[in-house]
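J.: One letter stands for each residue in the lines below.
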Amino acid sequence: MQFASIHFKQRAAGALANERLQGNLRRFGSGFADKRTAAREAYGADAFEQLREASAAIRDRALSDLDAWLLRFELEATRRGTTVIWAEDADEACARALEICARHGLKKAIKSKSMLSEEAALNAALAAAGVQPIETDLGEYILQLADEPPSHIIAPAIHKDLGEVSELFARHHGSAPTDDIARMTREARDVLRTHFLSADLGVSGGNFLVAETGSVAIVTNEGNGRMVTTLPRVHVAITGIEKVIATLEDLSTLNRILARSATGQEISNYFSILTGPKRADDTEGPEHNYVILVDNGRTRFIGGELREMLRCIRCGACMNHCPVYQTVGGHSYGWVYPGPMGSVLTPVFQGLENALDLPQAATLCGACHVACPVKIPLPELLRTLREMQLERRLRPWGERAAFAAWAFTATRPRLYAWMTRVAARVLKGMGGRKGRIARLPLAGHGWTLGRDFPAPEGRTFRELYRAGVRRKA
Amino acid sequence: MPALRVGLFVTCLVDLIRPRIGFAALELLEAAGCEVVVPPTQTCCGQPGWNSGDRASARSLAERVIAEFEGFDYVVAPSGSCTGMIKRHYLKVFAGEGAWLARAEALAAKTFELTDFLASVIGLERVPGRYSGSITYHDSCAGLRELGIREQPRALLAKMPGVHLIEMKDAETCCGFGGTFSIKFGDISAAMAQTKCERIRASGAQAVVLGDLGCMLNIEGRLRRSGDETTRVLHVAEVLTAGT
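From first to last, the protein sequence lines are chains A and B.
Each residue of the first sequence is one higher than the one before, counting from 1 in this note's numbering.
Each residue of the second sequence is one higher than the one before, counting from 1001 in this note's numbering.
In short, the hints are calculated from the structure, not lab data.
Ideal Cβ positions, reconstructed from N, Cα and C, are used throughout, including at glycine.
You can trust all of the hints, since none of them are fake.
Mimicking DSBU-like on lysine-lysine, the simulated pairs with C-alpha atoms at most 35 Å apart in a straight line are:
| # | chain 1 | residue 1 | chain 2 | residue 2 |
| --- | --- | --- | --- | --- |
| 1 | B | Lys1159 | B | Lys1110 |
| 2 | B | Lys1169 | A | Lys434 |
| 3 | A | Lys35 | B | Lys1092 |
| 4 | A | Lys428 | B | Lys1184 |
Okay, the calculated bits of chain A under chain B, using three or more residues with CB under 8 Å as the criterion:
| # | segment |
| --- | --- |
| 5 | 9-22 |
| 6 | 322-333 |
| 7 | 367-375 |
| 8 | 420-426 |
| 9 | 440-447 |
| 10 | 459-468 |
All chains, full assembly: derive it from the sequences and hints.
T.: Right under this line is the structure:
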């Protein structure tokens, strides 16, 4: 998708002004978060916390020897007939995928949801090479018709309402508009069925790569993933190198927490462990099976201050719990990954200077950290990115000067006392009779755009205390 | 047993904008039998700089706070946010520095948010204030998620016979303040505050009570801007000392 994270502020302003989107975001509200809470309680809150702990440890174990586990994955997968391909970046991932298409003469690709294919803009690359890409996840299918990027990593079309989807279907399917969801789903199913049966390539992502068996594990809810990975004669799984875990036992632990954290389900409707292509005695499966392992910036996290981010298992809990995400929606973030996880990933993948607002656009409220199934300290990572921005002088000089002035003053108590006494009086004066300020100057303008500023009482605490006051007026 | 010597960290916002919250905290600590000292040179805990990535300014202020407050039995602040800075983040400010880190750890161990101190450390039996009316409680983020403060203020408020607590929906969701976020992203911040204000009004309570002045200014500012002149916005210390 078009990279636009540098325009976060403008995009967010547009989202705030878009009443229909605001309505849709409100309707989405805390739906997933509430379901996660219920799933956590059903599992047992203490047991769930232990599961988070275990999940984080599993991810850390794999990541601390990432190279070794990836090589083991390659060895085991190759031994079982899978072709493992390495790609350093998005372009290389697309090039390798196109080579596969050329080798097998492939013309139509059905896809199940893959965020990496969004990262790599694989659909555009396939189309340009004459391979028709068809998204088969219902949300992704809707967005392909609308020519829009996803706004959520597991519910990609969450920003759209029934009416919008209905119009879209009527236009593309040539059917009468309807608000009957079952009928609309049937329509999509009919269209997709033809594609399922005529495609020669299936492209999927991979939720986990199991090193000990060379398997790709896929978690889906619609069954399309199973069609994509078994019907066409070639299956390509394209996924990030950080998805590797050591064992099937690890997989079973992570699978217990993934769906609960994402949608509140105990387990997703479909869960596939794909190991190698179709064997002689198999009744179904692809004749050829590839896994493209993509770096595309992931190794930049290794050993650094942001390393915990690689634990991410792409459940979406952080955005489901993020009040900023819920207010401005996923498209404001301007790239594939929205919400808190995106605000850490995007600056690293795309360059700190190309996503200046993202680490700043958070209240550091901590809701994401508490919800994260693998305990990624997202607020701390965002704060660290802010530190990196300052170190690289990527913040406006006015902001840096303001902090320098604040530190200068606050480390000089007498100067500070004098300045706060003046400020308390000036601001009280500005507050007038009602005791509130409707318009603050300079940077304070941002505050008073949508709020009054309650005026100070007029004298500082320290000044009153010094004067012998011990009780509130 | 001699009275506990408690250093009151007033916080920069209370000092400048709402001294009465500082005096309410002082009164509560004295009601709890503490000998309260207000170090006269205190300014700011360093959180604005720390949250903005300015490690140097955060550090210079953190050193001052440690030096000013490490001599007390306990340090108490009427703010979950500033307490979280001292109790959790100072350890990161001084990570890997032997002597300073040890001092930061020692201070962190004896620093408490006001209601946490009163309810957990003191086990306050009698609340001095008298308040009559319905309230809803907003759980401020740092207090809730960094310090585990949820039941403490409610337990203290429950000791006041006139207080009728009505929980709002999403009481634990951020109000949109976020320090400098509220200025840098004023429109998003105000929209988040609006959602919070709608929840407060939907609760039907006459007042929203909370433990952090930043959130108070944000919520009160949005309530008034949106034409609500009646819903009161009160610090929990004000309620606990009301009418005294």
